[in-house]
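Protein chains in written order, with the working numbering: chain V, 188 to 532; chain X, 188 to 532.
Hints may contain errors.
[What the hints assert, rightly or not] Derived lysine to aspartate or glutamate pairs resembling DMTMM-like cross-links, with alpha carbons at most 20 Å apart: (1) 516(X) - 520(V); (2) 219(V) - 407(X); (3) 516(X) - 407(V); (4) 515(V) - 500(X); (5) 515(V) - 262(X); (6) 394(V) - 501(X); (7) 516(V) - 407(X); (8) 196(X) - 277(X); (9) 516(V) - 262(X).
Hints were generated in silico from the structure; no laboratory data involved.
All figures in this text were calculated on a predicted structure; none of them were measured in a lab.
There are 2 protein chains.
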Amino acid sequence: MPTVRQQGKFTVLLSSAGRRVALLRLFCQTLKHLGFEGRLVVADSSRTAPTFHLANSSFQVPPCLDPSFPQAVLDICRREGVDLIVPTIDTELPVYAAHRDSFASEGVLVAVSSQETIDICRDKVRTHSWLGEHGFPTVEQWCGVPLPSYVPFPVIVKPRHGSASVGVCRAQDREEMEFYLRRIKDPMVEIELTGIEYTVNFYVSRKGRVVSAVPHQRMEVRAGEVSKGVTVKHGGLMETARRLGEALPQAFGAMNFQCFLGVDGVARITEINGRFGGGYPLAYHAGADFPRWLIEAALGREVDRPEYFDQWDDGCTMLRYDDAVYVKKSELEPPNDRVRQSGHV
Amino acid sequence: MPTVRQQGKFTVLLSSAGRRVALLRLFCQTLKHLGFEGRLVVADSSRTAPTFHLANSSFQVPPCLDPSFPQAVLDICRREGVDLIVPTIDTELPVYAAHRDSFASEGVLVAVSSQETIDICRDKVRTHSWLGEHGFPTVEQWCGVPLPSYVPFPVIVKPRHGSASVGVCRAQDREEMEFYLRRIKDPMVEIELTGIEYTVNFYVSRKGRVVSAVPHQRMEVRAGEVSKGVTVKHGGLMETARRLGEALPQAFGAMNFQCFLGVDGVARITEINGRFGGGYPLAYHAGADFPRWLIEAALGREVDRPEYFDQWDDGCTMLRYDDAVYVKKSELEPPNDRVRQSGHV
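So here's chain V without its partners, still in its complex pose (with noise of 0.2 Å):
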């Protein structure tokens, strides 16, 4: 421990919290169940963010790929005595990545992955050539390149950097394809896969050991976040998160990755993401404690008991629905410490 921790409080940031509401809560909880006085904090670029109006304190800071972000998110943690960073968004991880020793060098673990392990997961070409190179089956992809005279139909057309399903066009020809790659911007071509969708959460410890892997059916998807979907105890998809969180170098913290399971058998991976998941809520609620092993890490303590690995409910179906925090219009507009303190998770 490099700063002298005060006694039983323990403070999490929430960085880009954006409307993860539920794993503000999640922390919120875990901090109480292990019997600290826990605050959680929250730094957004939009006071709309409705983390902003229900964390213990919320602060604007600039988007961050400003220059200005990882020392604006230091201050905070000055501040507040913040002890673990848990980044949520893409476009942040680069950053906090780089910037992780600095942090540790003022006592706050930050809950991410190497540069390297981020750099793969960032870029879908790269995840694509990552995998292949480590044998992870993949699905077949053209980016900058002429596409060969025979494309088995229909294709998915997206964003080389997108995320959200922001931007995806389903071709089912030439002709439609065409269309689409002269008006994406960066776009990548990949087969339309067949098979059953899954989102693997999975839980990599500061030493490199996958302690969980949580596969859920994503039964039905909005805004391109799964809303119902349900824990499968499916062997194959868990060893292969557990293979997968041990070849990326320094993984670190909750991932997930994303794959189709063929009839054959096959899991093809489209993608990996060096954060909690959108729909990780579902395999908290499932048992895997994610929250407690990130708060344990940052207390010194390293999480290495075998038995969680597939220690949670199989069959456990999340059902998502609307709520909503209101305020008034004056509160979003930000008063001069650009700071509000008098939230409640």
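For chain V, the structure is supplied; the task is to place chain X on it using the hints.
Then chain X, alone, in the frame of chain V:
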């Protein structure tokens, strides 16, 4: 009152309730406020509807276009002593409008407008011509006719009978428009409106009087539904709602319209919905208690207080996030009697 109602009890049936958990809770809360021993019953074609697992009783019913649907709902009404049916999805509105008299003869009020009004709302081409005939500004559209040689791009190409933004495409030029026209079933073309997008939730009494009208600006939309919105006390939009509700033949209950308010101050209406809007909970939190007025209507009391019209808070902001209900997979399998009675709102 055609039936003997049990003193102090009131039962609401939320039809095709799906993920409308907030609406379910608002009715539950309102019944409590009114001092009723209230019960919330859900009918849905799917057991994966989140509301199915939160109501006092839930019934799996055939899809609303199935000929056996009305009888199935009537059976539930008898079994559960339903006082009020609240339809929620566009496709079931014509069915309920056609059968509202047979429900009335059983002592059940259906919160739906006349067939004529529902027919106007259900078809974008009819909506458009009705609005034009009644002097409401609307958006220029073409459907099933040769397009003029000059079309001001960009345009929106969408399915004539679509909802929730499914299949809606934006075309920047003629080539794009023709591409989408070939691919969308029963398509129509609209000019892309500029200005600020508003939804106005309004309530029409049984006498056809518009009791309340609450415009909200759509700050952010997700999967076709408002995810961030703010109420705006805009007199012009409120008056439009009043004229609309009074002009529609025998309109009744919770309704809403969507429009773009241009810099010229003209509100061009794009659609009218004869049901609770997805964003209605915002109007409720601002102070417009439509559930209460529907319950009063079922009790034979007419709501007629002109001060309700603007008795709600300006600048009330809704910031939505996902919550979820977690159930075991086994709970999604139908029991013998197709009913589950252990819910809790």
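Hint check:
1. 516(X) - 520(V): violated (44 Å)
2. 219(V) - 407(X): Distance ~34 Å between residue 219(V) and residue 407(X) Cα, so the pair is violated.
3. 516(X) - 407(V): holds (15 Å)
4. 515(V) - 500(X): Roughly 9 Å between the alpha carbons, so the hint for residue 515(V) and residue 500(X) holds.
5. 515(V) - 262(X): Violated: residue 515(V) and residue 262(X) sit about 44 Å apart, past 20 Å.
6. 394(V) - 501(X): violated (54 Å)
7. 516(V) - 407(X): holds (15 Å)
8. 196(X) - 277(X): violated (29 Å)
9. 516(V) - 262(X): violated (46 Å)
Figure legend: structure checked against the earlier numbered hints; hints not met, in rising order: 1, 2, 5, 6, 8 and 9.
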